[in-house]
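So the sequence lines, in the order shown, correspond to chains A and B.
Anchor point for the first sequence: position 297 equals 299 in my numbering, and the numbering is continuous, going up by one each time.
Anchor point for the second sequence: position 110 equals 194 in my numbering, and the numbering is continuous, going up by one each time.
Hints in this document: simulated from the structure, not taken from any laboratory.
Treat each hint with caution, since some may be false.
Unchecked claim - What follows is a set of in silico ranges between Cβ atoms, one per label pair, in the way DEER data are often shown:
(1) G183(B) <-> V69(A): 40 to 48 Å
(2) R128(A) <-> F272(B): 25 to 33 Å
(3) V174(B) <-> G218(A): 52 to 60 Å
(4) L264(B) <-> S5(A): 36 to 44 Å
What the hints assert, rightly or not - To spell it out: a stretch of chain B is covered by chain A in this simulated footprint if at least three of its residues, at any positions, have a beta carbon under 8 Å from a beta carbon of chain A; those stretches are:
(5) 124–138
(6) 165–177
(7) 186–199
(8) 216–225
(9) 231–245
We put the CB at the ideal spot given by N, CA and C, even for glycine.
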Amino acid sequence: MSSYVLRRLGQLVLTLFIASAVIFGAMQLVPGDPILAIFFPRVPSQEVYAKLRVDLGLDKPFLIRYVNLMDRIVLHGDLGESIKQRRSVGTIIKENLPPTAELALAGILVSVAVGLPLGIIAAITRYRLVDNLVMVLALIGVSTPSFWLGILLILAFSLTLGWLPTSGVGGIQRLVLPALTLGLYGGGYLARFTRSSILEVKHLEYVTTARAKGLGESTINLRHILRNALIPIVTMFGLLAGYMLGGAVIVETVFGRTGIGHVLVSAIIGKDFPLVQGLLIFIVGVFSTVNLVVDISYAYIDPRVKY
Amino acid sequence: MKRALREPRVRFGLAFLAGLCLIAILAPHIAPYDPVEIYPQESLQRPSSQHWFGTDTLGRDVLSRVIFGTRYSLALGVIAIAISGTAGLVLGLVSGYFGGAVDALIMRIVDVGIAFPSVLLALLVISIVGPGLPSVVLAIGISSTPSFVRIVRASVLVIREMAFVEAARAIGASRGRIILRHVLPEVFAPALTMATLGLAGAIFAASSLSFLGLGARPPTPEWGVMVSAARHQLRAAWWVSTFPGLAIALSVLFINVLGDGLRDVLDPKLRGKS
């Protein structure tokens with residue numbers, strides 16, 4: 003087991019290095035002069051330009067700058083500095099992480115609360131009306147764009163019923179609609195996955211054995227089918243984390259929430275490339291770490307997984 | 085393929101897709117009004133017999149704009165999938181068939197692609213090439229390639245070991261011939277399923293990016309842009325953002341139905357998987 007964890011950890015580090023090289027390389031492909039971008043629409047004097055070029059390390063070759071960047075990130079946890087806000091990317095992340103983390107966790111909670119029971123119900127009532135109904139619902143869930151679902155929810159619960167505020171951050175009331183918007187999409191996926199995972203286990207030999215022993219259907223369902231069917235669902239959490247991080251970009255815009263996703267979109271539109279670079283490296287780091295934890299716990303929970 | 089056409093979901097999905105294509109092609113003939121011309125005196129009219137979906141702030145007919153929007157969504161989706169499908173097929177075939185160092189290299193690249201949540205990979209591409217419709221197509225094409233490569237490679241790994249491929253090898257068929265004439269047709273079924281589900285995903289993603297202001301720009305009658313532009317007048321006019329959003333949701337939904345149906349017929353092992 004420990005060798006598996008070590009190997010996966012090594013893979014994670016390698017992936018992160020390559021991913022950050024890709025992000026860094028991509029930022030070099032952006033047309034235009036980054037120093038001129040800082041001053042735009044004004045134009046810096048020759049001296050200021052020359053000084054900044056040295057200060058920002060832009061006079062050095064590509065590879066050296068990449069090594070410097072990695073050096074700062076790995077040794078000092080320094081993700082660089084936003085050229086528009088004149089603040090470190092780390093500070094910006096620290097400020098904007100709590101609302102995004104709150105949103106993502108609430109979104110996962112909604113996904114699980116909706117998707118898991120629905121998937122189980124569908125599998126138990128397989129091919130009957132309830133199953134079909136649940137599967138249609140799940141398909142609608144994964145097909146509805148979150149920006150539109152968010153608007154429909156605002157229309158219904160804020161503007162028509164007046165129960166909840168339309169936008170902003172803070173308090174459970176402002177979290178309900180964004181979390182639903184984000185969570186129903188993941189819930190649809192989880193319901194589909196849970197159903198198929200249960201159906202796969204349902205016909206295995208040990209279930210037949212349990213039935214032959216004369217166990218009741220509910221015992222078989224709970225202790226034999228569900229317990230084993232739920233194991234692969236652990237892997238869904240990695241995927242869900244990805245949806246939450248990606249979906250946050252959209253949901254934060256719809257509900258006017260502050261957060262990492264909102265900052266990222268503004269940075270892209272405002273051409274604040276150091277900020278884009280720092281944020282992307284950070285997000286990929288979080289996502290990869292979550293996936294690593296998921297993989298390791300999967301190997302831990304399911305004794306059949308060879309590592 | 086004949087078997088696939090007997091599946092009701094496939095028939096239904098294909099009929100829907102054909103209808104969507106027809107609407108896109110015939111848009112200038114069936115749209116009751118011009119999609120971009122402004123009629124200030126007609127501003128924000130409720131849905132009526134004159135304007136089935138109402139009008140927006142600038143007095144444009146929402147139905148006509150939704151009809152023209154079909155063109156953007158379909159074109160964006162199809163081109164994006166053509167990019168990721170071609171790249172996915174080529175890389176997956178090469179990776180799966182040849183194995184070894186080429187395979188290792190391609191798979192490492194794919195791993196890095198998968199290390200990004202796909203929206204973010206698309207955002208990375210857009211930050212390089214700048215916002216706009218061509219960027220959106222490229223971004224979605226690139227970001228959906230890694231999973232395509234994985235699927236194709238996985239099927240090639242199985243097919244490569246089958247008796248008929250070995251037989252072809254034994255009678256001295258060239259590598260190129262084996263890949264094109266024997267392996268490729270077998271990969272076609274999973275690739276078609278993947279492309280269909282990918283088309284739904286691409287339409288979904290393209291409208292999301294346009295909603296964020298990174299794709300099409302107003303006054304383009306693109307569905308995501310329409311939803312975005314109207315979201316600040318929800319209280320005054322619910323219809324302006326509701327109908328284009330419904331168009332996205334229905335398109336994605338029914339193309340997903342087609343994809344689900346195809347997968348169940350063509351690849352029974354994956355039945356019911358999400």
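Going through the hints against the structure:
1. The beta-carbon spacing between G183(B) and V69(A), approximately 33 Å, falls outside the hinted interval of 40 to 48 Å.
2. The beta-carbon spacing between R128(A) and F272(B), approximately 30 Å, falls within the hinted interval of 25 to 33 Å.
3. With their beta carbons about 54 Å apart, V174(B) and G218(A) fall inside the hinted range of 52 to 60 Å.
4. At about 42 Å, the beta-carbon gap between L264(B) and S5(A) stays in the expected band of 36 to 44 Å.
5. Remark: the stretch 124–138 of chain B is not confirmed as covered by chain A, as 0 of its residues place a Cβ nearer than 8 Å to a Cβ of that chain, below the required three.
6. Coverage of a stretch by a chain is defined here by at least three residues with a beta carbon nearer than 8 Å to that chain's beta carbons; for the stretch 165–177 of chain B and chain A the count is 0, and the condition is violated.
7. With a threshold of 8 Å between beta carbons, the proposed coverage of the stretch 186–199 of chain B by chain A holds, since 4 of its residues qualify and at least three are required.
8. Look at the stretch 216–225 of chain B against chain A: 0 of its residues bring a Cβ nearer than 8 Å to a Cβ of that chain, fewer than three, so the hint is violated.
9. Only residues whose beta carbon comes within less than 8 Å of a beta carbon in chain A count, and the stretch 231–245 of chain B has 0; fewer than three means the coverage is violated.
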